[in-house]
Amino acid sequence: MLEKTQPDREFVELVQRVLNQEASLDDIAHLNTRLPIDPIALQYFVEMRMLHGALENELGSVISTEDLSSLEDRLIEFPGNYRSTTLSGLHMDNASEPLKQRLRFPLSIAAALIILSLIFIATDRILHRPAFEVVACYGSDSSSRLANGEWIRQGDTLKLASGVIEVRSPDGNSLTFQGPGDVKILNQRHLVLNSGRLWADLKGDPILIKVPRGEITDLGTTFGIDQSSPSTTRVDIFDGEVRFSEGGDSHLAVQAIKGESLTSTGATWTPEKGEADASLYTVGLRSPLAFTFAADQNEVERIESGLAFGLQWNATFTMAGSMKSKESPVEMTWAGARIYSTGASHSLEATILHTHLCGFTSPLETQQAARKVGLKNNGNGLIIQFTNIDKWLEQIGAPSYTLELYRNSGLQGGSSFFYPVSLFNGHPATSTLLGKLDSPKDNYLPADHPDGDVGAGYRLIQQFDQNLTANTLTLTTPVRKLPYRGNISGVVLRPVF
Amino acid sequence: MLDPKQRPLDFRELLTQEQEFLRVLIRTIGVPASDVLDVLQDANLYLIENQEKYILETNFRAWAAQVVRYRSLNYFRSKKRRPMVNLSEEALDLIAGEMAIRFEDNNTRLQGLSYCLTKLSDDQRKLLEDVYRHGHSIKNLARLRKCSHAALRKAISRIRQALKICIETNPEI
Chain A
475 MLEKTQPDRE
485 FVELVQRVLN
495 QEASLDDIAH
505 LNTRLPIDPI
515 ALQYFVEMRM
525 LHGALENELG
535 SVISTEDLSS
545 LEDRLIEFPG
555 NYRSTTLSGL
565 HMDNASEPLK
575 QRLRFPLSIA
585 AALIILSLIF
595 IATDRILHRP
605 AFEVVACYGS
615 DSSSRLANGE
625 WIRQGDTLKL
635 ASGVIEVRSP
645 DGNSLTFQGP
655 GDVKILNQRH
665 LVLNSGRLWA
675 DLKGDPILIK
685 VPRGEITDLG
695 TTFGIDQSSP
705 STTRVDIFDG
715 EVRFSEGGDS
725 HLAVQAIKGE
735 SLTSTGATWT
745 PEKGEADASL
755 YTVGLRSPLA
765 FTFAADQNEV
775 ERIESGLAFG
785 LQWNATFTMA
795 GSMKSKESPV
805 EMTWAGARIY
815 STGASHSLEA
825 TILHTHLCGF
835 TSPLETQQAA
845 RKVGLKNNGN
855 GLIIQFTNID
865 KWLEQIGAPS
875 YTLELYRNSG
885 LQGGSSFFYP
895 VSLFNGHPAT
905 STLLGKLDSP
915 KDNYLPADHP
925 DGDVGAGYRL
935 IQQFDQNLTA
945 NTLTLTTPVR
955 KLPYRGNISG
965 VVLRPVF
Chain B
281 MLDPKQRPLD
291 FRELLTQEQE
301 FLRVLIRTIG
311 VPASDVLDVL
321 QDANLYLIEN
331 QEKYILETNF
341 RAWAAQVVRY
351 RSLNYFRSKK
361 RRPMVNLSEE
371 ALDLIAGEMA
381 IRFEDNNTRL
391 QGLSYCLTKL
401 SDDQRKLLED
411 VYRHGHSIKN
421 LARLRKCSHA
431 ALRKAISRIR
441 QALKICIETN
451 PEI
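Order-wise, the sequence lines are chains A and B.
Add 474 to a position in the first sequence, counting from 1, and you land on the number used in this note's numbering.
Add 280 to a position in the second sequence, counting from 1, and you land on the number used in this note's numbering.
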């Protein structure tokens, strides 16, 4: 009986990428984490590497078992002279010496050519070192057709007719470039953004970005640059500080901090300060997907211009409908009884939490509302479904994701409790229950939280305690029956790498 | 007089016996095929120069595997390889340990590879040759064959999986 040595599909694919020399930094990091804790994965990895090596021997021109005879020549240099005790039992044939003499000149020429080629290749490699690894692409129509795991080298220009590409440097800087536009990578710390939008999340060395209207220097920060119009440069700062200078011989420079924007346009260089707006940018393709319910269009705009909880939110103010997330194929479809707001909006985080989708009190009502948006419902209080998750995971190279819920009971004090939320792989009527996200009866956000105010209901942020891989994920709650509530303010799908 | 079959192998014999294992280990750790012999030579040199550290009749393979791991790490450092091809020292240790335990079994199975290759279709065989003999990257090959990168990657993955199953179930081995 053969021992079962096949690990999960994601790991099998990861090993294939290693064998194809297409493994990303994440792949290697995952391998380094997985091998010590998973004997099946370790065994599989070793078996596949050995098979790979055997295929090289069998089909390729690389070193084979027979070539071990050449070790004899190498071992001659060893102290103790092992030449007399050959490893393979083969000896150099002295009769071949005249042939060697005849071949010496052409071989020398060939060797010289090879050395020249190697020098050329080495020079080219030094001048065009890998600078950024492509870690995610969405709808990109780049001239070079980049794929995840490929490297952008020093001196390369990245041109996008459309779509978005996220790249990362080995020191941890992450850049998300939105087309149409082009950006030249001089090296890891120096870029030229000629056109397009660029989101920078910098955890590594500081970088300098040249734009048509000057230079932008990061001072340990997160920011976006909007260069979609040739005559205007806009910088939006979300963390840390940024210096925008005119560049060249000019000493003009302006600094801006978190929450501010700088816009330079027209004949005068001097930038105007304003409020930062995240909605102009794709804040990293590998970022979590966040969906929330808002009170009205004004609140939608407020939420989408900021980064509450460090996330870029997709917001809606309708009680039933369908919404595609920004720069991802994932779509949310939902049906609930109403949108309800409770509490103040002192912070952006409060704005996320205080408006929520409420469930129906009758199963029939839910069924009717769900049917209108193309969902089947077998009698729950509310229903929220996410589709196309596989495509998103493939786009960003993540094997799985986790789920977070942002909730509000809608009522103050000890008069209301949360219902558990059921998670289904696929549709609840036809597929399996993944589990229930039970809610605690305490440990809600404390009253002194910045969003605490008269009218604020109990608020709760909770996470489903397992890595998910479902392509279609459905959330339901029981029909509403006081004092229990199934209200949901927001849902976050967080990729696991 | 001790029967030669019963007699413990001396250092030289042990080193000779383990050459194939060490070569495969170096390749498995991730040293490029073109540099395997250089690292093996380096490891052999170290083993010979430090042979007094080896205690006869203890596990020579495990000791040699540790030396190879160490010399391979030196190689990676000297070549300043990009981190994307580097495994952690812990992972390399585990690979070396796993190899030391399972080398014979795996190697015996791999002797059925030639037979299993004959079971592939012409197209599959050609694809493998393009990758292994002609050294094409999957990306280049996809361009040459005018097919998608993902499709080609999947095709090669399927062939490797089929070969793995074949060598594991080959009754001839």
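Derived from the structure by calculation, the hints contain no laboratory data.
Treat the numbers as computed from the prediction; the structure is a model and nothing was measured.
Hints may contain errors.
Said to hold, decoys possible - Quick look at which bits of chain B chain A covers, simulated, 3 or more residues with Cβ under 8 Å:
hint: 1; region: 337-346
hint: 2; region: 349-355
hint: 3; region: 377-385
hint: 4; region: 391-401
Unchecked claim - Straight-line distance between alpha carbons at most 25 Å, and here's what the computed PhoX-like set of lysine-lysine pairs gives:
hint: 5; chain 1: A; residue 1: Lys684; chain 2: A; residue 2: Lys633
hint: 6; chain 1: A; residue 1: Lys865; chain 2: A; residue 2: Lys633
hint: 7; chain 1: B; residue 1: Lys434; chain 2: A; residue 2: Lys633
hint: 8; chain 1: B; residue 1: Lys444; chain 2: B; residue 2: Lys399
hint: 9; chain 1: B; residue 1: Lys419; chain 2: A; residue 2: Lys633
hint: 10; chain 1: B; residue 1: Lys419; chain 2: A; residue 2: Lys865
hint: 11; chain 1: A; residue 1: Lys865; chain 2: B; residue 2: Lys444
hint: 12; chain 1: A; residue 1: Lys633; chain 2: A; residue 2: Lys658
hint: 13; chain 1: A; residue 1: Lys633; chain 2: A; residue 2: Lys800
hint: 14; chain 1: B; residue 1: Lys419; chain 2: B; residue 2: Lys406
hint: 15; chain 1: B; residue 1: Lys426; chain 2: B; residue 2: Lys406
hint: 16; chain 1: B; residue 1: Lys434; chain 2: A; residue 2: Lys865
hint: 17; chain 1: A; residue 1: Lys846; chain 2: A; residue 2: Lys800
hint: 18; chain 1: A; residue 1: Lys846; chain 2: A; residue 2: Lys732
hint: 19; chain 1: B; residue 1: Lys406; chain 2: B; residue 2: Lys434
hint: 20; chain 1: A; residue 1: Lys798; chain 2: A; residue 2: Lys747
hint: 21; chain 1: A; residue 1: Lys658; chain 2: B; residue 2: Lys444
hint: 22; chain 1: A; residue 1: Lys658; chain 2: A; residue 2: Lys684
No residue lacks a Cβ here, since even glycine has one placed at the ideal position from N, Cα and C.
To see whether the hints hold, each was checked on the structure:
1. Coverage of a stretch by a chain is defined here by at least three residues with a beta carbon nearer than 8 Å to that chain's beta carbons; for the region 337-346 of chain B and chain A the count is 0, and the condition is violated.
2. Note: the region 349-355 of chain B has 0 residues with beta-carbon separation from chain A under 8 Å; the three-residue rule is not met and the coverage is violated.
3. Here's how the region 377-385 of chain B fares: 3 of its residues keep a CB closer than 8 Å to some CB of chain A, so the rule of at least three is met and the hint holds.
4. Residues of the region 391-401 of chain B with a Cβ under 8 Å from some Cβ of chain A number 3, which satisfies the need for three, so the listed coverage holds.
5. For a cut-off of 25 Å, the pair hint linking lysine 684 of chain A to lysine 633 of chain A stands: about 16 Å separates their Cα positions.
6. Straight-line distance between C-alpha atoms of lysine 865 of chain A and lysine 633 of chain A comes to about 24 Å, which keeps the hinted pair within the 25 Å bound.
7. For the suggested pair lysine 434 of chain B and lysine 633 of chain A, the alpha carbons sit about 28 Å apart, so the restraint of at most 25 Å is broken.
8. For the suggested pair lysine 444 of chain B and lysine 399 of chain B, the alpha carbons sit about 12 Å apart, so the restraint of at most 25 Å is met.
9. Between the alpha carbons of lysine 419 of chain B and lysine 633 of chain A the distance comes to roughly 19 Å, so the proposed pair stays at or under 25 Å and holds.
10. Using a Cα cut-off of 25 Å, the hinted pair lysine 419 of chain B and lysine 865 of chain A holds, with the two alpha carbons roughly 21 Å apart.
11. The suggested pairing of lysine 865 of chain A with lysine 444 of chain B is violated, with an alpha-carbon distance near 29 Å, which exceeds 25 Å.
12. Taking the CA atoms of lysine 633 of chain A and lysine 658 of chain A, the gap is about 9 Å. The hint holds against a cut of 25 Å.
13. A distance of roughly 21 Å separates the Cα atoms of lysine 633 of chain A and lysine 800 of chain A; the hinted pair therefore holds under the 25 Å criterion.
14. About 16 Å separates the Cα atoms of lysine 419 of chain B and lysine 406 of chain B, which keeps this hinted pair within 25 Å; it holds.
15. For the proposed pair lysine 426 of chain B and lysine 406 of chain B, the alpha carbon gap of about 15 Å is at most 25 Å, so the pair holds.
16. Taken as a hint, the lysine 434 of chain B and lysine 865 of chain A pair is honoured in the structure, with Cα atoms around 16 Å apart against an allowance of 25 Å.
17. For the given pair, lysine 846 of chain A sits about 24 Å from lysine 800 of chain A by alpha-carbon distance, which is consistent with the 25 Å threshold.
18. About 43 Å separates the Cα atoms of lysine 846 of chain A and lysine 732 of chain A, which puts this hinted pair outside 25 Å; it is violated.
19. Between lysine 406 of chain B and lysine 434 of chain B the alpha-carbon distance is near 15 Å, which keeps this suggested pair within the 25 Å criterion.
20. Restraint check for lysine 798 of chain A and lysine 747 of chain A: not satisfied, since their Cα atoms lie roughly 32 Å apart, outside the 25 Å limit.
21. Pair hint lysine 658 of chain A plus lysine 444 of chain B does not hold up; C-alpha atoms about 44 Å apart against a cutoff of 25 Å.
22. A threshold of 25 Å between alpha carbons decides the hint, and for lysine 658 of chain A with lysine 684 of chain A the separation of about 10 Å falls inside it, so the pair holds.
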